[in-house]
Structures are given as C-alpha cells and as structure tokens.
Amino acid sequence: MFFKKNKKDESIAASKNWYEDRYQTVVVQRNFLVILILISTVGIIISTLGIIEVTSSKKIEPFVIEIEEKTGITNVIRPFLRERISQEEALKRYFLFQYVQAREGYNPSTYKDDYYKKVRLLSNQASYTSFREKLRSGEIDDIQSSIRSRGSRRDIEVLSINDRSNLNLQKGKDKNVVMTYLVNFKATTTVSRGKTLTRRYSAIIDFQFEDLENTLAELSINPLGFQVTRYAVNPDTYYETEDVLSTVPSEPAVGQ
Numbered sequence: 001m002f003f004k005k006n007k008k009d010e011s012i013a014a015s016k017n018w019y020e021d022r023y024q025t026v027v028v029q030r031n032f033l034v035i036l037i038l039i040s041t042v043g044i045i046i047s048t049l050g051i052i053e054v055t056s057s058k059k060i061e062p063f064v065i066e067i068e069e070k071t072g073i074t075n076v077i078r079p080f081l082r083e084r085i086s087q088e089e090a091l092k093r094y095f096l097f098q099y100v101q102a103r104e105g106y107n108p109s110t111y112k113d114d115y116y117k118k119v120r121l122l123s124n125q126a127s128y129t130s131f132r133e134k135l136r137s138g139e140i141d142d143i144q145s146s147i148r149s150r151g152s153r154r155d156i157e158v159l160s161i162n163d164r165s166n167l168n169l170q171k172g173k174d175k176n177v178v179m180t181y182l183v184n185f186k187a188t189t190t191v192s193r194g195k196t197l198t199r200r201y202s203a204i205i206d207f208q209f210e211d212l213e214n215t216l217a218e219l220s221i222n223p224l225g226f227q228v229t230r231y232a233v234n235p236d237t238y239y240e241t242e243d244v245l246s247t248v249p250s251e252p253a254v255g256q
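Just so you know, we're using my numbering here: the sequence shown kicks off at 1 and counts up by one.
So the derived label-pair ranges between C-beta atoms look like this:
#: 1; residue 1: PRO235; residue 2: LEU212; range: 23 to 33 Å
#: 2; residue 1: GLU157; residue 2: VAL178; range: 19 to 29 Å
#: 3; residue 1: ILE45; residue 2: ASP163; range: 38 to 48 Å
#: 4; residue 1: ASP236; residue 2: ILE45; range: 52 to 62 Å
#: 5; residue 1: GLY194; residue 2: VAL54; range: 51 to 61 Å
#: 6; residue 1: ALA126; residue 2: SER56; range: 41 to 51 Å
#: 7; residue 1: ILE46; residue 2: PRO235; range: 51 to 61 Å
Worth flagging that the hints you see were computed from the coordinates, not collected in a lab.
For each residue, glycine too, the CB sits at the ideal point set by N, CA and C.
Whole structure, please, built from the sequences with the hints as guidance.
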C-alpha cells in the first residue's frame with residue numbers, strides 16, 4: 001500500500017514537472033516572439049522613414065549632353081531656370097545674359113544702344129575695341145547681314161549658362177578675379193520677306209568685377225562693374241531651318 005502511494009505521488013510530480021517545463025518553454029517562446037516582433041517593427045519604421053527621406057531628397061532633372069563639332073568638348077546643358085542658385089550666381093548670369101543679348105542680337109530700333117553703349121559698358125577696353133573692329137570690318141558676318149538687310153532682326157535665346165572657372169564662391173566674390181563661363185544660345189535671324197535662319201552657338205566668356213567710375217546713367221546699366229575681358233563664340237554646324245537669307249539691297253554699315 002505504501003509502495004502504491006509513493007508511485008502515484010511520483011506520477012503526479014512528474015506530470016507537474018512536465019506541465020511546468022512546457023509552460024516555461026511556451027513563455028520563453030512567447031517572449032522571444034514578442035522581442036522579434038518589436039525588433040521587426042522598429043526595423044520597418046526605420047526603413048520606412050529612410051525611404052521617405054531618400055524619396056523626398058531625390059529628384060529627376062533632365063539634361064542634354066552637347067558635343068562641340070570642332071573641339072569635341074562635351075558640355076552638360078541644364079535648364080538653369082530649374083536650378084536653385086545663389087544671389088551672387090544669379091547676378092553673374094544676369095549680366096552674361098544681358099551681354100550676349102546686346103552683342104549678338106539685332107533690333108533696328110535699339111542696336112546702336114546695344115552695340116555702342118551696353119556692350120561698351122559691360123566690356124573692358126581691349127574686349128570692346130576688338131568687337132568694334134570686327135563690326136567695322138564685317139568679320140561678324142551674321143550681325144552684318146542683319147544690319148544690311150532692311151526690316152531684318154536677330155533674336156537671341158539663351159539656352160544654358162555654365163560655370164567653367166572652377167572657382168569657389170569665396171573667390172568669386174573677390175574683385176579682379178577672372179571667371180570663365182560657357183553660354184549656349186540660339187540666334188534666329190528674320191528678314192523682311194519672312195525667311196528665317198536659326199543657328200546655335202557656344203560662347204566662352206571671361207569676365208570680372210571691377211571698381212569703375214561710371215556716371216549715374218551708366219550705373220543704371222552696369223552698377224556692379226561687370227567687365228568682359230574675352231569673348232570667343234563658336235557656331236555649330238547644325239541649322240534648325242534650311243531657309244537661306246535672301247540678298248536684300250544693303251544699307252550703309254553701322255557707324256559710330
């Protein structure tokens with residue numbers, strides 16, 4: 001009898017121990033799964049925040065790679081209206097835009113002010129003298145053909161302005177530091193008979209800011225002392241239209 005009782009007690013104790021072991025195992029598994037779920041949740045939150053950050057900072061900006069026909073130099077043309085630029089860079093581009101418009105364009109009612117006032121004020125003495133000599137000698141064929149044609153005009157559209165000087169912003173603020181920019185533009189010449197010729201150009205422009213003694217009227221055109229020191233333009237061989245400018249009875253070449 002005593003033996004049977006002990007055997008029964010041992011069986012009950014063994015069952016208890018099995019249930020306790022099983023419970024502890026389940027508790028451990030539960031705690032492990034809870035920890036795993038917490039870690040996974042934190043990982044998902046971090047990944048989601050990272051994706052949101054990358055997506056918000058990433059932008060797709062189209063650009064064109066241009067290869068110059070003569071030199072083979074590649075230029076990345078970006079639409080500068082979409083860029084975020086500093087005030088200093090905006091001023092540089094403004095003066096470059098004004099200079100190219102005045103020098104390369106032709107409007108019968110404003111060309112004298114453009115050539116002999118605006119270009120002069122935005123150029124140093126050597127650069128402007130070179131421009132005047134080329135204009136007088138007819139070396140600037142596109143402009144001369146516009147001037148000699150009655151009712152003609154030459155409209156300039158600046159396509160891109162890119163920094164080629166490799167100067168940091170601090171150096172760019174210094175006076176008398178020569179900077180180099182590449183300006184790509186399109187010129188459309190229209191004559192009285194309605195024929196047009198559109199051609200693309202690339203201009204390398206060296207310029208600097210100087211302390212100039214200008215009159216009040218001159219300061220209204222060039223208040224910061226912007227001075228072009230070198231101007232080299234290279235026409236592309238590609239024509240957007242095949243119309244050839246007709247020969248129209250010429251007027252006297254532009255004088256002073």
